[in-house]
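Student: Residue numbers (our numbering): 1 to 446.
In case anyone wonders, no lab produced these hints; they're calculated from the structure. None of the values given here were measured: they were computed from a predicted structure. Check the hints yourself; a few may be wrong.
Said to hold, decoys possible - Restraint ranges, calculated between C-beta atoms of paired labels, are given here:
no.	residue 1	residue 2	range
1	Gly299	Trp432	57 to 63 Å
2	Thr395	Arg349	19 to 25 Å
3	Asp113	Ser142	51 to 57 Å
4	Glu82	Arg429	48 to 54 Å
5	Arg429	Asp217	41 to 47 Å
6	Val148	Gly260	26 to 32 Å
7	Val148	Gly347	38 to 44 Å
8	Gly262	His399	40 to 46 Å
Using N, Cα and C, we set each Cβ at its ideal position, and we do this for glycine too.
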Amino acid sequence: FGGAAWGAGNTIVYSEWPAGGLPTLYRVSADGGNPERVSDDDGTARFAPHASWGGGDVFYTTILPTGTTSISRLSLASGRMEILGPGLTPQVDGHDHLAYVSSGGSLVMQGFDPGSGKLVGSPRRLAENVATGDFSGAFSVSATGSLVYRHAPNRGGELVLVNRSGTVDRRVDAPGGTMGILHPRFSPDGTRIAYVKDELASQRGGVWVYSLTQGTDLRVSGDGQAADPAWAPDGRRIGYSFVPTGKQVPARLFVAHADGTGATQVMAAPSDLWQMAFVPGSDDIVFRSGNDLFRASLGGDAVPVPLTNTPAMEQHPAPSPNGRWLAYTSDMSGQNEVYISPYPGMGSRVIVSVGGGEFPVWSPRGDELYYESNDALVAARVRVDAGRLSVVGRTTLFHTNRYAEAANRNYDVSPDGKLFVMVRAVETRAVWRVNALPAAARGQGN
């Protein structure tokens, strides 16, 4: 669900993800009835709608197939949709001015002409360091000229190393992007951290490698957005997902050299490809596509082989250090829980979590499986007897509500098992400014 707005004529416009598609806009009567899709299936994502004070126009954010983020307008009377310019989260005040987050990351306001449906004049800067996330800005404007927003001076967040009791051991100086740091992963020797730097302004977030010993920061992914870095056991390669921004761009998996000398595409598919991981002791990789898990061999033709095929959503595959077990998340019980199955046979499954769990990762020795459950990091002790795996205990290590969450695993364990790398959430505060908008926007000018 990508937001909703109450427009004119008792109409609600909302954004929703259709099955296998990108977020798009629908309209429905507030009295009920069948929703009507108002945008084409053209590879453009549309979300965060905001109605004008009169309700005749709905403004929203688009992500084009090229990856460009823009502010757009829908006329409820004519059904016409048009892009107004680059930016995020457009909101209109009571006097035909549009506030939005610019491509440079500033909160700005610009005149809007309802007759022509165009922006007029030059944007005026209202605030800096407005918190952003999930392609939206955390702010709101009123018809009387007030502004409230969430201030985030360190919008990129930061990486920290945390011990098993939850105490921060030290801060990692890897520089974040304007939107943040995501998906940190320790190298097999523990001297480097691969992570995603998500850039709001350029929409070119990629996979980077930070050296803990040298303090250097190196981009290893190619042009375009990337996610889910995964180290190969040899420490010389990193796999990652290429994030498609429209149907013209297929989902792809890449393997890059960790020294930044190039990347090779290993798989492409019309549907999504996520959460790639290397299986120790083999040429296999595992990954998620749609609602299921797959494996493929990098030593052959990389043809995907299904590992799961159920009505449930199964994701976050985590191979054990010896390559004989696969931990993953499934919602087959009605909520996300962590399971372990033998790999690659995927025979009987053992439930690991209690009362919900996701984002599993193995300890280096394979005797523990970590996962997140109810805002806490849990360590489950596992034992294998005569080829049968069992869970022999669970310990809550520390609470994770101070750390940033993401759609995929946002932490990792060090090779010696003593530290976790986490993304410390951005510190923010709410700011309320009376009469913050330009005088003309408050009806005091021409």
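Student: Compare the structure with each hint and give your call.
Tutor: Evaluated hints:
no.	hint	in the structure
1	Gly299 <-> Trp432: 57 to 63 Å	60 Å, holds
2	Thr395 <-> Arg349: 19 to 25 Å	22 Å, holds
3	Asp113 <-> Ser142: 51 to 57 Å	21 Å, violated
4	Glu82 <-> Arg429: 48 to 54 Å	36 Å, violated
5	Arg429 <-> Asp217: 41 to 47 Å	29 Å, violated
6	Val148 <-> Gly260: 26 to 32 Å	43 Å, violated
7	Val148 <-> Gly347: 38 to 44 Å	55 Å, violated
8	Gly262 <-> His399: 40 to 46 Å	41 Å, holds
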